[in-house]
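Number of protein chains: 2
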Amino acid sequence: MVASPPSKTLHSTVEVDLGSRTYPIYIGEGILREGDLLRKHVTSKRALVITNDRVGPLYLDETVAVLREGGVQVETVVLPDGEEYKSMEVLMKIMEAALTHRMDRTCTFVALGGGVIGDMVGFAAAIYQRGVKFVQVPTTLMAMVDSAVGGKTAVNHPLGKNMIGAFYQPQAVIADMATLRTLPDRELASGIAEVVKYGLIRDAAFFEWQEARVGALRARDAETLSEAVRRSCENKAAVVAADEREAGLRATLNLGHTFGHAIETGLGYGALLHGEAVAIGTHMAAVMSAKLGWIDAALAARAVALLRAAALPVELPRGGGMTPAKFEAAMALDKKVSEGELRLVLLRGPLGGCVFTGEYDAAAMRETIAEFCARQ
Amino acid sequence: MVASPPSKTLHSTVEVDLGSRTYPIYIGEGILREGDLLRKHVTSKRALVITNDRVGPLYLDETVAVLREGGVQVETVVLPDGEEYKSMEVLMKIMEAALTHRMDRTCTFVALGGGVIGDMVGFAAAIYQRGVKFVQVPTTLMAMVDSAVGGKTAVNHPLGKNMIGAFYQPQAVIADMATLRTLPDRELASGIAEVVKYGLIRDAAFFEWQEARVGALRARDAETLSEAVRRSCENKAAVVAADEREAGLRATLNLGHTFGHAIETGLGYGALLHGEAVAIGTHMAAVMSAKLGWIDAALAARAVALLRAAALPVELPRGGGMTPAKFEAAMALDKKVSEGELRLVLLRGPLGGCVFTGEYDAAAMRETIAEFCARQ
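So the sequences go chain by chain: W and S. When the letters of the first sequence are read in order and numbered with UniProt numbering, they come out as residues 1 to 376. When the letters of the second sequence are read in order and numbered with UniProt numbering, they come out as residues 1 to 376.
Worth flagging that the hints you see were computed from the coordinates, not collected in a lab. Hints may be right or wrong, so weigh each one.
A pair holds if it fits inside one copy or across any two, identical chains being indistinguishable in the list.
[To be verified] In the DSS-like style, the derived pairs of lysine-lysine whose C-alpha atoms are separated by at most 25 Å in a straight line are:
id : residue 1 : residue 2
1  : Lys133    : Lys336
2  : Lys40     : Lys326
3  : Lys336    : Lys326
4  : Lys326    : Lys93
5  : Lys93     : Lys336
Put together the whole structure using the sequences plus the hints.
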């Protein structure tokens, strides 16, 4: 690697503190094309950049170019875009490309894309030759605020979402806000669902900031987007540093996700974006929490209002055919089930409070599911 | 789990010292059927026992029975037997069974079989729901002395052996010497190839013990087999504790394996047993070491004599069609290649000495390969 001057582009850095595996998340405008941060963390002679057919045409050339400028020998893989391709079959295409190009275990994988690419490439890096280095270059808001941070990697199985995977941390996360300019509105909104989550489960001030700035977020105001990503990453990094392998606390990041995953599995991968399913699931969790008397109905309404203001769906899609039986079947397979008990993340107390528990009146869950199914 | 009395059966224990992931290897006669050790380490409510269609008919019923006696709810998977089934496609059958039975991440996988089952089940445990516990119950000498110990798990890819996997440690290894009684002679010999390896790379006294006891080993003398397993596990545990992720020292356990893997890949998985390919590879490594002047020709001859005495092949099979080009293609993909340099484990100095290095005269390697190919 040739010497390069320090980064010329302004960016902020959030550290994920995991001892010897500590790594930085860089957040800034133009930091991908500028190249110094990527070259700093791809220290191998060879790299495999994996992207999809939507992001590739936009950012693959510049990513490859900045690596080659640093003297890295680069190969590329372009996968089909979409949650329905987050499968072992598609992951094996990454393995085959790496083997065909004779990548050895000193190489680095680079994940260029959204959550599907990040999850799949991270998992591929975890298992290729029993583990190679990788760098996350998230190009969606969802990936920047959630999936690229924290080392959860996985592929889906027809019987359940993210059922096959590993905890595996990247060398760095490079979140270039410039890539959000090309993001479709629906994808932008999907990412906001996870931003709202951080406010609801642990950061009341952040929630209130979002209520005030949701218009600016939707309008892609650069400063507002950067601040949303930075504050989200700070929340996620704090949780992950305290509980990397989800012994307890980390599970709270799954607010709305147990219902949401059931919706994704029930409707078939790709019918909804992940954040859209999470928004509906968050609505369900808020309603159930209010039924249990754990939060005021006014707080549930406020959560739903913010999700709606972010242009997110909060009800099951018409004609999707979700049934209580489909919810139950998918939720029984949730990774948070422990020895038969389904534990849920629910809101409790004032804004910013939540619990992760299997101790709740199951009738409240059944009623919530029935009501949402009835309104389809 | 119901309370059980302490183990009634005599066994020896070798510890693999890996801090919080330290685990025991139990070696004894009848300890599987006796059940206490297995029940001690399967502490979950549910277990998935995975075996193959050769070992299953012999030991699956008793394994399931002793777990059920402990109150564990047990499901089973029986896979086809053979190295050619150590693939991602077959591994996905384990995932599907676990999901179909709604196993959650508190469950335990039990690997009942030889090296293929152990490697595949260990890898399945590493990635099912991002990691569940597993116990190794090796039923071949190869698995007892090598593959079940140390946490290397993997499946093969058509382009290379063990290319997809993880470092993932079991809760315990239960090596019941009684299971070796049903092992075919060829499989027994295959295991001895790895026993010979420990002598050659680090334990001269053990090598000399083997020279004296190889007849008793082949005759399956119970005490001799137990001692061979115990001393092999002690060697392996010491190496793994010092270098779990193969930064250096652990690579020495691959004596003969780079040539051996190339032979396995070149002939097609299943043509030779792993230990048979390793025996030929060990012969090649010894010849190359002698060509380099790193060991006396007499030591190379002694190594080959012991392998032959163990009824192992030491030359490429006639009609197999191995060529120098096939060796080079497969060896270029070896996991020990680092930034283009092929590092090999070679013998150096008196009996028990070896090196792991990329600094050798490549002409010695080419000559060795050419000579072996010419003798086919």
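_Checking each numbered hint in turn, tell me which of them this model violates, lowest number first._
2
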